[in-house]
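Using the hints provided, position chain B relative to the given structure of chain A.
As a plain string of letters, each chain reads:
Number of protein chains: 2
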Amino acid sequence: MSQSTETNRRIVLASRPQGAPTQENFRQEQQSVPQPGKGEILLRTIWLSLDPYMRGRMSDAPSYVAPYEVGDVLGAGTVAVVEQSQHNDYAPGDWVVSQSGWQDYAISNGEGLYKLSGPVLKHPSWALGMLGMTGFTAYMGLLDIGKPQPGETVVVAAATGAVGSMVGQIAKIKGCRVIGIAGGEEKCRYATETLGFDACLDHRSDDLADALKQHCPQGIDVYFESVGGKVFDAVLPLMNTKGRIPVCGLIADYNSGADLPEGPNRLPLFQSAILRKRLHVQGFIINQDYPNDFDGFFKQMSQWIEEDRLVFREHTVEGLENAVPAFIGLLAGKNFGKVVVRIADDQPESK
Amino acid sequence: MSQSTETNRRIVLASRPQGAPTQENFRQEQQSVPQPGKGEILLRTIWLSLDPYMRGRMSDAPSYVAPYEVGDVLGAGTVAVVEQSQHNDYAPGDWVVSQSGWQDYAISNGEGLYKLSGPVLKHPSWALGMLGMTGFTAYMGLLDIGKPQPGETVVVAAATGAVGSMVGQIAKIKGCRVIGIAGGEEKCRYATETLGFDACLDHRSDDLADALKQHCPQGIDVYFESVGGKVFDAVLPLMNTKGRIPVCGLIADYNSGADLPEGPNRLPLFQSAILRKRLHVQGFIINQDYPNDFDGFFKQMSQWIEEDRLVFREHTVEGLENAVPAFIGLLAGKNFGKVVVRIADDQPESK
Chain A
1 MSQSTETNRR
11 IVLASRPQGA
21 PTQENFRQEQ
31 QSVPQPGKGE
41 ILLRTIWLSL
51 DPYMRGRMSD
61 APSYVAPYEV
71 GDVLGAGTVA
81 VVEQSQHNDY
91 APGDWVVSQS
101 GWQDYAISNG
111 EGLYKLSGPV
121 LKHPSWALGM
131 LGMTGFTAYM
141 GLLDIGKPQP
151 GETVVVAAAT
161 GAVGSMVGQI
171 AKIKGCRVIG
181 IAGGEEKCRY
191 ATETLGFDAC
201 LDHRSDDLAD
211 ALKQHCPQGI
221 DVYFESVGGK
231 VFDAVLPLMN
241 TKGRIPVCGL
251 IADYNSGADL
261 PEGPNRLPLF
271 QSAILRKRLH
281 VQGFIINQDY
291 PNDFDGFFKQ
301 MSQWIEEDRL
311 VFREHTVEGL
321 ENAVPAFIGL
331 LAGKNFGKVV
341 VRIADDQPES
351 K
Chain B
1 MSQSTETNRR
11 IVLASRPQGA
21 PTQENFRQEQ
31 QSVPQPGKGE
41 ILLRTIWLSL
51 DPYMRGRMSD
61 APSYVAPYEV
71 GDVLGAGTVA
81 VVEQSQHNDY
91 APGDWVVSQS
101 GWQDYAISNG
111 EGLYKLSGPV
121 LKHPSWALGM
131 LGMTGFTAYM
141 GLLDIGKPQP
151 GETVVVAAAT
161 GAVGSMVGQI
171 AKIKGCRVIG
181 IAGGEEKCRY
191 ATETLGFDAC
201 LDHRSDDLAD
211 ALKQHCPQGI
221 DVYFESVGGK
231 VFDAVLPLMN
241 TKGRIPVCGL
251 IADYNSGADL
261 PEGPNRLPLF
271 QSAILRKRLH
281 VQGFIINQDY
291 PNDFDGFFKQ
301 MSQWIEEDRL
311 VFREHTVEGL
321 ENAVPAFIGL
331 LAGKNFGKVV
341 VRIADDQPES
351 K
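Chains A and B, in that order, are what the protein sequence lines are.
The first sequence begins at 1 in my numbering and counts up one residue at a time.
The second sequence begins at 1 in my numbering and counts up one residue at a time.
Isolated chain A, as found in the complex:
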């Protein structure tokens, strides 16, 4: 079933997953399209963003964002069209970025919305990717925490993913040597041939630590962490003195249970490295840590896009009904590029 004018399809959290989410943790419901009140607008979803952080929100452990509630529609960034408006700032036909979630329609009072403009009008889904939260995460984490200097070595986990591919390309623009880590030969080839990384290593290979050492003869100055697990174990011994580790995700750990993994205990090793190498390790959440930096990011990225210096690959999923399997696949690394779901076929009118 595709989008209709009468029915709002919505996907809600049916139950909290233990470990990897399964289809049973989600449920599709239908309701009639809601009506906007005074000061409100009705949004119709065109593009839905799927991102690894959502796994965290499906659990009720204390986290940086409030967990989804069981029975509620899953939250997510979207590109949407204004269908009806009782709000002074928005008119029917406006294209906006919103947080309207996994559903066809939503009511908004305008809070947190912004209208599409500039190059993104040609590729509205980019507003969820390289010109949206994804690119913003890569840009601020790399530049503000990672502080890469020309000639330094930057290692990027999930190198062909939505964030990682941007991190590596920005690091190349900044004059760094960039080593990616990705899952499988095809992704690695893409990282070097298309994204322009200096090398890309397959994290599935047995000799990741050795290969990484060989490709980082000067050590690692910046490790952009979005993975955790054994990739981190391979990176840590190679970190240079005064190295920086921005942490934007830990996808390897998202699906693990509540129990601590078996030993040995690697915590003292990490602490010792932080001390001996004077590492700067910092977690960040883009929307909360950088509320005032979006415009600067958007302007710089738009310029790089116009100069053809950035490649952005999308993994497009067709239809809301395919969002759940796409999300499960994303957590298993089955996507290749930024996962966006096309909920409807609309294109902005050229202005």
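Check the hints yourself; a few may be wrong.
It does not matter which identical chain is used: a pair holds within one copy or between any two.
[Said to hold, decoys possible] Mimicking DSSO-like on lysine-lysine, the simulated pairs with C-alpha atoms at most 27 Å apart in a straight line are:
{"#": "1", "residue 1": "115", "residue 2": "174"}
{"#": "2", "residue 1": "277", "residue 2": "230"}
{"#": "3", "residue 1": "213", "residue 2": "299"}
{"#": "4", "residue 1": "299", "residue 2": "174"}
{"#": "5", "residue 1": "122", "residue 2": "147"}
{"#": "6", "residue 1": "147", "residue 2": "299"}
{"#": "7", "residue 1": "213", "residue 2": "277"}
{"#": "8", "residue 1": "147", "residue 2": "174"}
{"#": "9", "residue 1": "38", "residue 2": "277"}
{"#": "10", "residue 1": "242", "residue 2": "277"}
{"#": "11", "residue 1": "147", "residue 2": "242"}
{"#": "12", "residue 1": "147", "residue 2": "277"}
Keep in mind the hints are simulated off the structure, nothing from the lab.
Just chain B, lined up with the frame of chain A:
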């Protein structure tokens, strides 16, 4: 045997320790007093500083400072008097801070020396403590990395130690709530009654984690880490969002062997906290990270000292011959305050 005018007693590294150092890892030697050449001065040691970081230098694992070489005199900060000078900037009788190590005499070309001045002339050993590397470590780590704000909760490990006692007192000056962690009832009483901490908990008690939680009802904003081990395990769950962890030492781990400790593996727990709570964790080495900040530190601390806002306790050891047992005791937490060894009885002339 005490200091003489003919003989230079020196303590060298006899062998590298496995685990906790023992007397056999050290050896006292004697040589004749060396003679300064052109551009050099002869220093006679008055005070010798003993610090936990020296344990790291006794091993040959890669570290932030070069390891001691077997057979070489052990390096250390000292307060010394110029005995002979062929250097334009120094005259006999000058008091200086130097890195002349565990010995009675040393030759210097002036590099890295500075002359004692200000309040420290009344208490020359303070130049190794609250007005030297110790205080500088506390001051920069707390203020530059920890960035404590009025009303925030600061937790200080090794609370009555040389660095910890300064961290807590500076945090109080900055308007924070300060909770110390120390070994034993006497130290804890000293931290609250003399240093003015809001509370101090005994890390030897079984219920450290519970007690810490009870004393940090608003969570922990800054944890000044110099200990590691189970103190850190108790602190981590209480860290607040955007908390800061300056890491200046890990004394609990210094004497452990090369093998990783038994599981469970607590590393993912730490990584997850860094991400979810957006923690800023940063190791630092005072002399390498803050080469240009000493004067500002010295001026501010001197002012606080003149205003009677700081208490500094020294654990004074008499004679070079007692340096080794004092150092072994320091690593076991048997000191109470900054450990300094009085090598000779001289006092600066009042000027």
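Cross-check of the supplied hints:
Within a single copy, residue 115 and residue 174 get their C-alpha atoms no closer than 30 Å, and across copies no closer than 44 Å, so neither meets the 27 Å cut-off. In the homo-oligomer, the alpha carbons of residue 277 and residue 230 lie at most 27 Å apart both inside one protomer (20 Å) and across protomers (22 Å), since each shortest distance falls under that limit. When the C-alpha separation of residue 213 and residue 299 is checked against a cutoff of 27 Å, the pair qualifies neither within a copy, at 37 Å, nor between copies, at 45 Å. Taking the closest pair of Cα atoms, residue 299 and residue 174 come within 27 Å of each other only inside a single copy of the chain (17 Å); across copies the shortest separation is 39 Å, beyond that limit.
When the C-alpha separation of residue 122 and residue 147 is checked against a cutoff of 27 Å, the pair qualifies neither within a copy, at 31 Å, nor between copies, at 44 Å. For the homomeric pair residue 147 and residue 299, the shortest alpha-carbon distance inside one copy (19 Å) is at most 27 Å, but the shortest distance between copies (31 Å) is not. Proximity of residue 213 to residue 277 under the C-alpha cut-off of 27 Å is restricted to the intra-copy arrangement: shortest distance 17 Å within a copy versus 31 Å between copies. For the identical chains of this complex, residue 147 and residue 174 are intra-copy neighbours only, at 10 Å inside a copy versus 30 Å across copies, given an alpha-carbon limit of 27 Å.
In this assembly of identical chains, residue 38 and residue 277 lie within 27 Å of each other by CA distance neither inside one copy nor across copies; the values are 58 Å within and 38 Å between. Taking the closest pair of Cα atoms, residue 242 and residue 277 come within 27 Å of each other both inside a single copy (6 Å) and across two copies (22 Å). Taking CA atoms no more than 27 Å apart as the test, residue 147 paired with residue 242 passes in both settings, with 11 Å inside one copy and 19 Å between copies. Taking CA atoms no more than 27 Å apart as the test, residue 147 paired with residue 277 passes in both settings, with 16 Å inside one copy and 21 Å between copies.
Hint compliance for this structure: hints 1, 3, 5, 9 are not met, and every other hint is.
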